[in-house]
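Colleague: Following the hints, put chain G in place on chain X, whose structure we already have.
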Amino acid sequence: MTTNGDGSGDLVQIRNLQMHFPVTKGIILQRQVGAVKAVDGVSFNIKQGETLGLVGESGCGKSTTGRAILQLYRPTAGSVIFRGTDLTKLKGEEMRRMRRKVQMIFQDPYASLNPRMTVGDIIGEPIKVHNLRQGKEVRVRVQELLQLVGLNPYFINRYPHEFSGGQRQRIGVARALAVEPEFVVCDEPVSALDVSIQAQIINLLEDLQDRLGLTYLFIAHGLAVVKHISDRVAVMYLGKIVELAEGRELYSQPMHPYTQALLSAVPIPDPKIEKRRKRIILEGDVPSPLNPPSGCHFHTRCPIAIEKCKVEEPPFLDYGNGHFAACWRARESIDLLPGAGATSVAPSATAAPMA
Amino acid sequence: MPPLLEVRNLKVQFKTQDGVVNAVNDTSFQLERGETLGIVGESGSGKSVTALSLMRLIPNPPGKIAAGSITFDGENLLDYSEEEMRHVRGNRIAMIFQDPMTSLNPVLTIGRQITESLELHMKLTGREAEARAVELLNMVGISSGERRLNDYPHQFSGGMRQRVMIAMGLSCNPELLIADEPTTALDVTIQAQILELINRLKNETGTAVIIITHDLGVVAGMADRVVVMYAGSIVEEGPTSEIFANPRMPYTIGLLRSIPRLDEQDGRKLTPIRGMPPDLINLPAVCPFSPRCDYFVAGKCDQMVPPLRPVGPDHRAACLFDITLETPIPSQESLTEIAEVA
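Sequence order for the protein chains is X and G.
So for the first sequence, my numbering puts the first residue at 1; every next one is plus one.
So for the second sequence, my numbering puts the first residue at 1; every next one is plus one.
Keep in mind that the hints were calculated from the coordinates and are not lab data.
Some hints could be false.
To be verified - Only pairs whose alpha carbons sit at most 30 Å apart, straight line, appear in this in silico DSS-like list of lysine-lysine:
| hint | chain 1 | residue 1 | chain 2 | residue 2 |
| --- | --- | --- | --- | --- |
| 1 | X | LYS47 | X | LYS101 |
| 2 | X | LYS101 | X | LYS128 |
| 3 | G | LYS64 | X | LYS275 |
| 4 | X | LYS128 | X | LYS91 |
| 5 | X | LYS101 | X | LYS136 |
| 6 | G | LYS202 | X | LYS278 |
| 7 | G | LYS202 | G | LYS123 |
| 8 | X | LYS101 | X | LYS89 |
| 9 | X | LYS47 | X | LYS91 |
| 10 | X | LYS272 | G | LYS64 |
| 11 | G | LYS269 | G | LYS202 |
| 12 | X | LYS101 | G | LYS269 |
| 13 | G | LYS64 | G | LYS11 |
| 14 | X | LYS278 | G | LYS269 |
| 15 | X | LYS89 | X | LYS47 |
| 16 | X | LYS308 | X | LYS278 |
| 17 | X | LYS275 | G | LYS202 |
| 18 | X | LYS91 | X | LYS101 |
| 19 | X | LYS128 | X | LYS89 |
| 20 | G | LYS202 | X | LYS272 |
| 21 | X | LYS310 | X | LYS278 |
| 22 | X | LYS47 | G | LYS269 |
| 23 | G | LYS300 | G | LYS11 |
What the hints assert, rightly or not - In silico negatives: residues of chain X with every beta carbon more than 10 Å from chain G:
| hint | residue |
| --- | --- |
| 24 | PHE21 |
| 25 | GLN30 |
| 26 | GLY41 |
| 27 | GLY120 |
| 28 | VAL140 |
| 29 | PRO160 |
| 30 | SER164 |
| 31 | GLN200 |
| 32 | ASN203 |
| 33 | HIS221 |
| 34 | HIS228 |
| 35 | TYR251 |
| 36 | ARG277 |
| 37 | PRO293 |
| 38 | ILE304 |
Glycine included, C-beta positions come from ideal geometry on N, C-alpha and C.
Bound-form chain X, shown alone:
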């Protein structure tokens, strides 16, 4: 399959992406007094056919990153290369045609479906807009798609309010897939769903990826969900990616103290493990992206910060095997923090039967 042409197998290359939202003062004569640096220079690649997980806490810029990649926000700076084309440079008709290839699944299945349209119209609209089918074939295609996402094709004339949250999310998935995209940004697709329903949607997304060869950017705040679905995982903090690695590597050998704290904070549904675990409890809250701390953005909450961290921003370096981290103490951090990472408790015998 053709990719960006450099033989790396990357479908999407994101270079120094920035998304700043201006903060203005005054009513008529608005002048800019600052900027919320929601995304402040992130670079990463997404490989053909993989799932890249993007995790972080609320306000870290993960959703904004997803939207800026799809040009739902026009990035302040940087480039998004998809199959050799820089999406940030596309306009009008070119952009519209490109949107067929890149799609999004939204978090809130209640807000993202128009309540006055039937399911057939919701899923059929992108098909008509992009002229993929004509006349009666549109309906046939919609029914195929409903079947693909595990819904009864007979539902085609129903309205969104007639469905449960999990079913609505399936409709959202069908709409995204209606234009046969190659790359799908999933923005917290299961966060609004009940636990027993989440697994249904996760399995559906995995299954569709296998069948259709999709590439996902999977944005979520739940670390366990991201670990489950992702091949590689990137961790964001205050507009920057602080660590990126293969899923297994990141979860067992986290290098950035923020990743370590995040992992140690996630409760594991096993009382025996919970009793033995040590937690890294971070102090305080995430600082405002309006006025981020100097040097390393994390130094205000970092348990192992040194003087250098307050002054100089750490570079985002490859520490081997494609394990990137932005920390001055990346190599030593895991020894300095007892209880770092989830695997400070090795998968025990008690955990195995549930797996």
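Modeller: Below, chain G without anything else, positioned relative to chain X:
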């Protein structure tokens, strides 16, 4: 010594346009002094309604406690007058809500909101109450409490607001603290802070805690005993270690199999629970989980509501069969369901 709290055959109903919703059906459980009980369930399982009934905070109409008793320290709260109940709320039983943004009054300072209950229940004077409020803020990890007393809720972050809620909850040294999804609205690092805080305060003050959550991980780390609710009924109850190591109700088993875990092995496939929770308006007199159950037996599960029966020491489950984690799932025509709308 009798238990601190004993709920017997509690039944809560809500009248709606579509019919009567049976939010809680015939629920019984108890809580010892100093114990932490976890109530787990999905949305609509009746866990929050149970908590609100303990405080007699069910809005009436449309809701009403239709039957049962709630015995707290030997007295039935359902017999109390509204006036007597007011002496219990916030004083002997306190509650922390899910959303710290909407459960604080935005036009009153934090100080006023904490001192209000101190003046009402503890009969402290204004100055004494303020001093105590500063102490409480320090206890929950908010530094420079004197200054922050005059701040309004919008000047606090989500995690800080939840700390204020906890300070308010503990202000009158309650015998029972009910925490309804206390960390659901918070980020995971803040969640860890709040859970650790509740654990620490529990050990210091000896308060009994009921923690309500949909997160099995939270329960695993916090609770001594767990109650699993489904469709308004308790379907399993037992010591935390037992519930996780040896769950006996197919719903609990299904939940444990369907959640991704941080410590799971690669390539594990999640086993979702098919279908969705039942409509609480016309609940037929069958096992409420039977339409979604992998172990469903026609002619048995669709004949009666299985009673909670002992399945081990201090461990009860509402299933007619002895199903464990090892019981193989009977093969079925197709597990990829075409979900049906009721």
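Colleague: All hints, please: hold or fail.
Modeller: Now for the hints, and whether the structure bears them out:
Pair hint LYS47(X) plus LYS101(X) holds up; C-alpha atoms about 15 Å apart against a cutoff of 30 Å. Our distance criterion of 30 Å between C-alpha atoms is met by LYS101(X) and LYS128(X), whose separation comes to about 15 Å. This hinted pair does not check out: LYS64(G) and LYS275(X) have alpha carbons roughly 40 Å apart, beyond 30 Å. Pair hint LYS128(X) plus LYS91(X) holds up; C-alpha atoms about 21 Å apart against a cutoff of 30 Å.
Using a Cα cut-off of 30 Å, the hinted pair LYS101(X) and LYS136(X) holds, with the two alpha carbons roughly 24 Å apart. Of the supplied pair hints, the one linking LYS202(G) and LYS278(X) holds, its CA atoms being roughly 19 Å apart against a limit of 30 Å. This hinted pair checks out: LYS202(G) and LYS123(G) have alpha carbons roughly 24 Å apart, not beyond 30 Å. Proximity of LYS101(X) to LYS89(X) is assessed by CA-CA distance (about 16 Å); at most 30 Å being required, the pair is judged to hold.
Note on LYS47(X) and LYS91(X): the hinted pairing holds, with a Cα-Cα distance of about 25 Å set against a maximum of 30 Å. For the hint pairing LYS272(X) with LYS64(G), the CA-to-CA distance comes to about 40 Å; that exceeds 30 Å, so the pair is violated. The suggested pairing of LYS269(G) with LYS202(G) is violated, with an alpha-carbon distance near 38 Å, which exceeds 30 Å. Between LYS101(X) and LYS269(G) the CA atoms are separated by roughly 28 Å; this keeps the pair inside 30 Å, and the hint holds.
For the hint linking LYS64(G) to LYS11(G), the alpha-carbon distance of about 9 Å falls within 30 Å, and the restraint holds. Proposed proximity of LYS278(X) and LYS269(G) is supported: the alpha carbons are some 28 Å apart, at most 30 Å. Simply put, LYS89(X) and LYS47(X) have alpha-carbon atoms about 22 Å apart, close enough for the 30 Å limit, and the pair holds. About 28 Å separates the Cα atoms of LYS308(X) and LYS278(X), which keeps this hinted pair within 30 Å; it holds.
About 16 Å separates the Cα atoms of LYS275(X) and LYS202(G), which keeps this hinted pair within 30 Å; it holds. Restraint check: the Cα-Cα separation between LYS91(X) and LYS101(X) comes to about 15 Å, which is no more than 30 Å; the hinted pair holds. Distance restraint check for LYS128(X) and LYS89(X): the Cα-Cα separation of roughly 26 Å lies within the 30 Å cut-off, and the hinted pair is therefore satisfied. Proximity of LYS202(G) to LYS272(X) is assessed by CA-CA distance (about 20 Å); at most 30 Å being required, the pair is judged to hold.
A distance of roughly 27 Å separates the Cα atoms of LYS310(X) and LYS278(X); the hinted pair therefore holds under the 30 Å criterion. Annotation: proposed proximity of LYS47(X) to LYS269(G) holds, straight-line Cα distance about 23 Å (limit 30 Å). Distance hint between LYS300(G) and LYS11(G) is fulfilled; the C-alpha atoms sit about 25 Å from each other, no more than 30 Å. Every Cβ of chain G is farther than 10 Å from the Cβ of PHE21(X); the closest lies at roughly 20 Å, confirming the non-interface assignment.
Residue placement check: GLN30(X) keeps its beta carbon more than 10 Å from all beta carbons of chain G (closest about 24 Å). The claim that GLY41(X) is not at the interface with chain G holds, since no C-beta of that chain comes within 10 Å of its own (minimum 23 Å). For GLY120(X), the shortest C-beta to C-beta distance to chain G comes to about 16 Å, beyond the 10 Å cut-off, and the non-interface label holds. Look at VAL140(X): its CB is around 18 Å from the nearest CB on chain G, clear of 10 Å, so calling it non-interface holds up.
Taking the minimum C-beta to C-beta distance to chain G, about 12 Å, the non-interface status of PRO160(X) holds against the 10 Å cut. Against the 10 Å criterion, SER164(X) falls within the reach of chain G, whose nearest CB is about 5 Å from its own CB. Distance check on GLN200(X): its Cβ comes as close as 4 Å (rounded) to a Cβ of chain G, failing to clear the 10 Å threshold; non-interface status is violated. With a closest Cβ-Cβ approach of about 6 Å to chain G, ASN203(X) is found to fall inside the 10 Å limit, against its non-interface label.
Listed as a non-interface residue, HIS221(X) fails to keep its Cβ farther than 10 Å from every Cβ of chain G; the least gap is roughly 7 Å. In this structure HIS228(X) is not separated from chain G by more than 10 Å, as the shortest Cβ-Cβ distance comes to only about 4 Å. At the 10 Å boundary, the C-beta of TYR251(X) falls inside the reach of chain G, the nearest C-beta of that chain being 7 Å off. Against chain G, the non-interface label of ARG277(X) is violated: not every CB pair exceeds 10 Å, the least being about 8 Å.
Non-interface call for PRO293(X) relative to chain G: holds, since the shortest CB-CB distance, roughly 16 Å, exceeds 10 Å. No Cβ of chain G comes within 10 Å of the Cβ of ILE304(X); the nearest lies about 16 Å off, and the non-interface call holds.
Hint violations for this structure: numbers 3, 10, 11, 30, 31, 32, 33, 34, 35, 36, all remaining hints satisfied.
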